[in-house]
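When you get a sec, could you build the whole thing from the sequences and use the hints?
Quick note, in UniProt numbering, the sequence shown goes up one by one and the last residue is 91.
Hints may contain errors.
[As the list claims (entries may be wrong)] Below, in silico cross-link-like pairs of lysine-lysine (DSBU-like), each with a Cα-Cα straight-line distance of 35 Å or less:
# : residue 1 : residue 2
1 : LYS43     : LYS33
2 : LYS20     : LYS43
3 : LYS11     : LYS33
4 : LYS43     : LYS11
5 : LYS20     : LYS33
[Claimed, not checked] Estimated spans, in silico, between C-beta atoms of each pair:
#  : residue 1 : residue 2 : range
6  : GLU85     : ARG57     : 14 to 24 Å
7  : ALA60     : GLU5      : 29 to 39 Å
8  : PRO50     : ARG74     : 15 to 25 Å
9  : GLY31     : VAL64     : 11 to 21 Å
10 : PRO76     : GLN39     : 25 to 35 Å
Hint data in this document are derived by calculation from the structure and do not stem from the laboratory. For every residue, glycine included, the Cβ atom is placed at its ideal position computed from N, Cα and C.
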Amino acid sequence: MDAPERIRIDKWLWQARFCKTRGLAQDAVQGGKVRLNGQRIEKPGRGVGPGDVLTVRLGAHVRVLRILECGTRRGPASEAQGLYEEIAPEV
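Structure (structure tokens):
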């Protein structure tokens, strides 16, 4: 099965293993902890795809990532790391 061109932000955060559940991913988006291409988003259904840049604040850490793939499942961590590249060091 090929990866879709776009995917919901909450599903992508879950598949890329930034959140343990989709519910926690939805809470992070709705809580203003995620920016898409520099714009704050609040809807977990917002579509993202390859080339988009995410700024994610999880706890005391802020990570800036470029999405490389949408993915098709929540696989092992090594597979999840292939979905993005870090474009700024962890703060």
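Hint check results:
1. LYS43 x LYS33: Holds, at roughly 11 Å.
2. LYS20 x LYS43: Given that 35 Å is the threshold and the Cα spacing comes to 19 Å, the pair holds.
3. LYS11 x LYS33: Given that 35 Å is the threshold and the Cα spacing comes to 15 Å, the pair holds.
4. LYS43 x LYS11: Roughly 12 Å separates the two Cα atoms, so the pair holds.
5. LYS20 x LYS33: holds (15 Å)
6. GLU85 x ARG57: 14 to 24 Å: holds (18 Å)
7. ALA60 x GLU5: 29 to 39 Å: About 34 Å separates the Cβ atoms of ALA60 and GLU5, which means 29 to 39 Å holds.
8. PRO50 x ARG74: 15 to 25 Å: holds (18 Å)
9. GLY31 x VAL64: 11 to 21 Å: holds (18 Å)
10. PRO76 x GLN39: 25 to 35 Å: holds (31 Å)
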